[in-house]
Structures are given as structure tokens and as C-alpha cells.
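Let chain A serve as the given structure and place chain B on it in line with the hints.
2 protein chains.
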Amino acid sequence: MESWVDGQPADVLSLKDRGLAYGDGLFETIAVHGGTPVLLERHLQRLEAGCRRLAFNVDMRVLSAELIAYAQNLDNGVLKLIVTRGDSLRGYAADPSTPARRILQGSPPAAYPAIHAKQGVRLFPCTVRLSEQPLLAGLKHLNRLEQVLARAEWSGIEYAEGLMLDTSGRVIEGVFSNLFLVHDGVLLTADLSRCGVAGVMRAELLFQAKSQGIATQITDISLEQLHQADEVFVCNSVYGVWPVLGYGSARWSVGPLTRKLQTLARTLLDA
Amino acid sequence: MESWVDGQPADVLSLKDRGLAYGDGLFETIAVHGGTPVLLERHLQRLEAGCRRLAFNVDMRVLSAELIAYAQNLDNGVLKLIVTRGDSLRGYAADPSTPARRILQGSPPAAYPAIHAKQGVRLFPCTVRLSEQPLLAGLKHLNRLEQVLARAEWSGIEYAEGLMLDTSGRVIEGVFSNLFLVHDGVLLTADLSRCGVAGVMRAELLFQAKSQGIATQITDISLEQLHQADEVFVCNSVYGVWPVLGYGSARWSVGPLTRKLQTLARTLLDA
Chain A
126 MESWVDGQPA DVLSLKDRGL AYGDGLFETI AVHGGTPVLL ERHLQRLEAG
176 CRRLAFNVDM RVLSAELIAY AQNLDNGVLK LIVTRGDSLR GYAADPSTPA
226 RRILQGSPPA AYPAIHAKQG VRLFPCTVRL SEQPLLAGLK HLNRLEQVLA
276 RAEWSGIEYA EGLMLDTSGR VIEGVFSNLF LVHDGVLLTA DLSRCGVAGV
326 MRAELLFQAK SQGIATQITD ISLEQLHQAD EVFVCNSVYG VWPVLGYGSA
376 RWSVGPLTRK LQTLARTLLD A
Chain B
126 MESWVDGQPA DVLSLKDRGL AYGDGLFETI AVHGGTPVLL ERHLQRLEAG
176 CRRLAFNVDM RVLSAELIAY AQNLDNGVLK LIVTRGDSLR GYAADPSTPA
226 RRILQGSPPA AYPAIHAKQG VRLFPCTVRL SEQPLLAGLK HLNRLEQVLA
276 RAEWSGIEYA EGLMLDTSGR VIEGVFSNLF LVHDGVLLTA DLSRCGVAGV
326 MRAELLFQAK SQGIATQITD ISLEQLHQAD EVFVCNSVYG VWPVLGYGSA
376 RWSVGPLTRK LQTLARTLLD A
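Order-wise, the sequence lines are chains A and B. Be aware that the first sequence starts at 126, since it is given in the working numbering, and climbs by one per residue. Be aware that the second sequence starts at 126, since it is given in the working numbering, and climbs by one per residue.
A hint or two may mislead.
No copy is singled out in the list; a pair is fine if it fits within one copy or between any two copies.
[Stated by the list, open to error] Below 20 Å or equal to it, Euclidean Cα-Cα: the simulated DMTMM-like pairs (lysine to aspartate or glutamate) are:
id	residue 1	residue 2
1	K265	D200
2	K141	D131
3	K335	D309
4	K141	D212
Note that these hints are calculated values from the structure, not bench results.
The shape of chain A in the complex, shown without the other chains (with noise of 0.2 Å):
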């Protein structure tokens, strides 16, 4: 489906923007069911934090009217939403009261092997590390070279997402996905606040797992307590939840909250 710059349909873009030369911009792909733009209160609310942290100059209504029109347009999809702090001259320094720039554009339905979801997956040992940056941690920014490297560093079938650690060794996150781990019960996810993006399947899962009485942790992972899980998996909003087989020498099967929150995240990309 045609792209839309700024509401107009447009398949370019000014070489000055800031996206372009800085990667100064912020970034949703949203799942698109039946022209519905799915968790899209939860997109808005990170783009909006985002948006806020980076201070741009954003009118988030009409950014959602025209998120909405598109998505019904699109019909069944993935739409990706680009925010940038639009054009500028040479140099680091922004005019704040320079309009974000709105860029929309619509994939069709991710085409994932149906076994990830019903088998489970392999995570790919990534050696590249995520840097610490608190002032960027969370947000779904533009600056994705790390990701760029890590998801070069493994090809072909046998790895369907690769795990990334940070600079001091702790899980954080898959390379497109967040993880969890079940221990005992309790449902663990990383603390995101050094780095990471806090994905928004992520959130709702915490949300809905709260809701029904499990016990959730967001906090520091180490390699040991990954390998000592009693399930694992990895989720986001394209593709909902994926279990965890296996990572390095660790082994897991797929557990009973695994499947449990892959059919409520299966339901809400259905909806």
C-alpha cells in the first residue's frame, strides 16, 4: 500500500530530514486486523512518552486520526509508523518549534513459519551488546545499528530470533522481540530502564497477567537465572508470543503460562 507523508500519499523524502541524519526519530510497527490497529492506545502512549523525552513538536491527535484512516485503508497488515523531528540544516541543533514529521506506510501480514508460534523457537547467542544509555532505554528510537549488527550475526532457519545481553552481561531482550521467563511462577521480564525497548506486547502481557493473579518482576536477568527458567519465551506485537526451545546449552519445553499468554496475545492480534 502507498505511504503517507504528513497525511499525503508519498513514496520520498526530504534528504534533510533529521531521521535520515541522525536517526532523530521514533518508530512503530503496529499489527493491522480487519482495518484495526491493534494495542493501538499502548503505540500512542510510548510514542507520546518517546515524543516527550525527545521533545518533539507533535500533534498526537492528529497523528492518531491519521494512524486510524490508514489502518483502515490497509485492511490486514503491518503498518510502521515513522516520527522524525523533520527537516533542518547542518548540525545537531534543532528549532523546537519545527513540526515532527508523520510518515505511515503498510506491509502485508507478517509471514512468520506458523511452527515458531506452535513449537517454539531457538535464540541465536548475539555477541553484540547493548549499550547503556538510560536517557534512550525504553524508547523504540531510530538510532538501531545495534540491532542492524546483532540480527547480522546469524542467517538461515535453525535461529528464528537472537538473544542480546548488555555491556555488564545481563538479558535484556531478543533482537526484534522482548522475553520472559517463568520461575516458579512468577512471570519475569528485563528491567529496560539502562537499555532495550519496552515492547508494547510486553506491556500488555504484564498488564494481563497481573489482571489474572500471576505474580510479575521486572528486573535485572543474569545468564544463570535464563538457564534455570522453568519456561521461556518472546513476544511482540506482530507476532504475539513465541516459546523458547533452547539457547546455547539451555533447553526448555513449552510451559503452561507460555501457551496461556500466547492464546491472549493470539486473541488480541485476532480481534
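What follows is chain B alone, placed relative to chain A:
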């Protein structure tokens, strides 16, 4: 002057470009004097090293020829070269066969106040720290949100540059400059193996100083060492050398080695 994309006049870019999507690219900012790119070989060397590290599929001969032709047309000014990994579909994985995209943009000569070079500048103490990522350290890549945030910390003319420390508190560089100290006749600059941009002017000044028998040292620099320095200056490949007069409570006067290297940089930029 009109921009070029892959050798053709253009002022727009494909929305699928990975430079926009992920900051998956590199750049060089090159002074052009009388149609000649200043320190061209060093710029090309750094760019080539970056392309190798990021595994870009780039033809350096084509790029170099284009750059020289563009500079001739520009005559006097600043040439910005951006090289991205080109277009891709959704997802971090890249097709290694996709040719890198070359973007050339020209602007008039930089209009910094002459007083910066003559009398010196004060450095704003940026609170934004540089995160440590050895895989990207030294490269002039497009993931520049830390610099954008740091540059937004001050406005007005009191400070011409800001000083950035890394997350461990080491003194690294300016927001758009490298930093040098003189201590007991030795010229020191920060080790950039964990973070920072290895500037072309920094490399040239180190080379020239060594050629003239001046002792040089690339090393970790603490705030204490900065405070105790005899001379301090910043440099880049557009403005040359600015003496540093103050940072926080520290004060310096403009020293002889600073003036010597400033003259040398000026000669290169005006050659």
C-alpha cells in the same frame, strides 16, 4: 547547491532507505576550498573503515570520483556525504548484495564567529553521557541521538561547544569536535575505542604533531586531568581549531601549542 543521490541530482530519498529506518549509515562532513575537498584521503579512509565494519557493499572508486566532482561544483563550502545500506523491506536483516546509497549535500562555508578561533571558546558541561559500544566507537555513523540530546542542553552564544563524558565519567569529546589537552608539553586526546567519533582533523593534528617531534598520547582522560591541563582546545574538519578558555570552574589561557596547531589546521583548510 543541488544534492546528488547515487550520482544523480535529487532532493528526496526513498522511504525504504535504511538510513532513515535504523540510522544504518555513515557520514562525512568535508570542508571544500577552491573546489578541493580538504583532507580527502583521511575522510575516505574513515568512511571505508566504517563501511567495512558495518559490511556495506560500496564501490569506493565510484564514491570518491563523485565526491571530487561534487566538490568542484561546490567550489567553497561544506560537503556532507551520507552513505546508507540502501533500501530494504521491514526487519533488521539486510541483503548483503544491496549496493550502498551515496548522498551528497552541499552548503555554504560554515559561518562561525571569528572570535571562537581568535580568542577561544567556553565548553558547556553536557549532562548527556556517551554510552560505551566498542563495535561502533570511532565511526561517524548515523546513530546520533546522544549528540542531538547533548546539543539541546544549551542555547545562546555563551557556549560554542559542549563537552561530553562517557557513562564512566571519562572525558571524551565535544558534541561536534574532538578535544585535545596539553600537559607538560605532551599533546593528549581521548582513547575512542569505547565511544566517540575519531575525527579526521584529530587524526591529522596527531600526525602533524608527531612529525614535528611533539610527544602525543591517546589515552583515557579524567576530569581531574582536564582541570590540570596547561592548554585545551577542540577541533574538527570544518572550523579547524578553537582554543578552550573554560569548562565549569576551570580556566585556561590560549597556549603556544594550541596556536601552532591552529595555524596548521588553518593552512590545511585554506590550501
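A quick look at each hint next to the structure:
no.: 1; hint: K265 x D200; in the structure: neither (24 Å within a copy, 40 Å between copies)
no.: 2; hint: K141 x D131; in the structure: both (15 Å within a copy, 16 Å between copies)
no.: 3; hint: K335 x D309; in the structure: within (16 Å within a copy, 62 Å between copies)
no.: 4; hint: K141 x D212; in the structure: both (5 Å within a copy, 18 Å between copies)
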